[in-house]
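Participant: One letter stands for each residue in the lines below.
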Amino acid sequence: MKIQVLAFGIAKDIIKDRALEMEVKDGISIVALKAQLCELYPDFEQLRSLNIAVNADYQNDDFILSEKDEIVILPPVSGG
Amino acid sequence: MKIQVLAFGIAKDIIKDRALEMEVKDGISIVALKAQLCELYPDFEQLRSLNIAVNADYQNDDFILSEKDEIVILPPVSGG
Amino acid sequence: MIDIQLKDQTLLPQDCIDFVACPKAGGSSLFIGTVRDNTKGKQVLRLEFEAYAPMAVSEMKKIAIQVKEKWQAEKVAIHHRTGTLAIGDIAVIIAVATPHRKAAFEACAFAIDTLKETVPIWKKEIFEDGEVWVAAHP
Amino acid sequence: MIDIQLKDQTLLPQDCIDFVACPKAGGSSLFIGTVRDNTKGKQVLRLEFEAYAPMAVSEMKKIAIQVKEKWQAEKVAIHHRTGTLAIGDIAVIIAVATPHRKAAFEACAFAIDTLKETVPIWKKEIFEDGEVWVAAHP
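First to last, the sequence lines map onto chains D, R, Z and X.
With numbering that gives the first Met the number 0 as the guide, the letters of the first sequence map in order to residues 0 to 79.
With numbering that gives the first Met the number 0 as the guide, the letters of the second sequence map in order to residues 0 to 79.
With numbering that gives the first Met the number 0 as the guide, the letters of the third sequence map in order to residues 0 to 137.
With numbering that gives the first Met the number 0 as the guide, the letters of the fourth sequence map in order to residues 0 to 137.
The shape of chain D in the complex, shown without the other chains (with noise of 0.2 Å):
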């Protein structure tokens, strides 16, 4: 299937877009997810956390994404 995963703070650098087409197999997992950009963008790996939000929410590395899901990349988080 294919996905739109949007990309915030250092994220955005890394890919150097907003947001990124990815082909991934039907009913991947967000570890599986996260593994495939690692080896797109090496640069993910030096990270200190990496977490990928699905509709506004923080969700565990065993939940399977669909297409009309909102994916984003989000590195670790620096507010306030």
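It is worth saying that the hints were derived from the structure and are not from the lab.
Ideal Cβ positions, reconstructed from N, Cα and C, are used throughout, including at glycine.
Warning: the hint list may mix true and false statements.
Heads up, incomplete: computed chain X residues facing chain D, CB under 10 Å, no partners named [said to hold, decoys possible]:
no.: 1; residue: 32
no.: 2; residue: 44
no.: 3; residue: 49
no.: 4; residue: 53
no.: 5; residue: 54
no.: 6; residue: 55
no.: 7; residue: 56
no.: 8; residue: 57
no.: 9; residue: 58
no.: 10; residue: 79
no.: 11; residue: 91
no.: 12; residue: 112
no.: 13; residue: 135
Given chain D's structure and the hints, the job is docking chains R, Z and X onto it.
Facilitator: Positioned in the frame of chain D, the structure of chains R, Z and X alone reads:
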């Protein structure tokens, strides 16, 4: 010696005035003054605490008072 | 720097915030104490605060100096009200700016706790059916 | 009651103070986070804050709800800035009103600690000689 003692809060209600003139023995200590006050006004014994300030500062029970000191009865404070 | 005020006019949090604002400090903590509408469920009509002014100011100064020393606070403001206060009025404001936020909270909590123990200010609660000097009796 | 704001305009402490003011609450605690002029001794020129807005707002709401439940807070305000901030500008304000003051400090400290861990907002420090996304790397 003759001393002037100022009162605030409930102490003012107990002595029914803002100040009190007292005849005390020369070189009286704070603890002795407190005893004399409690004898004159037994209501002081009902308070949670009773402190005497000398020249706008806390002093211990063994502090010796003199005529020129500014002496103030401090009932339990409740600011804030 | 320290700003101590004891006055019978409305206290303004913004004054304290402006005073402690400081480019070296990353965080400031404020405590604002207001007049509650009840004590143990009994409706309070108003409060009256009385202070032994010279000593109250000097005890508040001592607290501010301790806060500066113990928590490396850049700036400390302590403002306390006197006179008659209505429900919701501000009785006290404490503001502390420190380089790191954990210290700001600790310092601010220490300041209000100590103020309530040492500063010669007394408050009387006025109820429908009488009045009470707060905390006078055990 | 809860007031969550994420905006690219100046944050006003008085707005938060007014929001949490409440006759049932005897005390409110505020935290004001400002832009420091240096990081580890290195001069900061300005900060840029970026947020994943819908999730940032919903995570701030979660914090406010937790604060209300854990500390019986009457009112909670969390305002966070986005965009470009100069030294001394306010990045975040948290205000909590509780019936008793100890709870107000604890709740306010919890809120800012949690915000820094969970809310998807990122800040970039701009120095003379470069820029850094804060806390991105170990």
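Participant: Decide, hint by hint, whether the structure agrees.
Facilitator: Status of each hint after checking the structure:
This hint holds: residue 32 of chain X has a C-beta 5 Å from the nearest C-beta of chain D, less than the 10 Å allowed. Annotation: interface hint on residue 44 of chain X violated; nearest CB of chain D at approximately 17 Å, more than 10 Å. Given hint, residue 49 of chain X at the interface with chain D, holds; its Cβ is 6 Å from that chain's nearest Cβ, closer than 10 Å. For residue 53 of chain X, the suggested interface contact is upheld, since its CB lies about 5 Å from the closest CB of chain D, less than 10 Å.
For residue 54 of chain X, the interface hint holds, the least distance from its beta-carbon to any beta-carbon of chain D being 4 Å, beneath 10 Å. Proximity of residue 55 of chain X to chain D holds as hinted, the smallest CB-CB distance being about 7 Å (cut-off 10 Å). The interface hint given for residue 56 of chain X holds, since its Cβ lies 9 Å from the closest Cβ of chain D, which is under the 10 Å cut-off. Given hint, residue 57 of chain X at the interface with chain D, holds; its Cβ is 6 Å from that chain's nearest Cβ, closer than 10 Å.
The restraint placing residue 58 of chain X at the interface with chain D holds, with a minimum CB-CB distance near 8 Å, inside the 10 Å limit. Annotation: residue 79 of chain X was flagged as interfacial toward chain D, and the flag holds, the nearest CB pair being 6 Å apart, inside 10 Å. Annotation: residue 91 of chain X was flagged as interfacial toward chain D, and the flag holds, the nearest CB pair being 5 Å apart, inside 10 Å. Below 10 Å, beta-carbon pairs count as interface contacts, and residue 112 of chain X has one with chain D at about 9 Å; its hint therefore holds.
Below 10 Å, beta-carbon pairs count as interface contacts, and residue 135 of chain X has one with chain D at about 4 Å; its hint therefore holds.
Figure legend: structure checked against the earlier numbered hints; the only hint not met is number 2.
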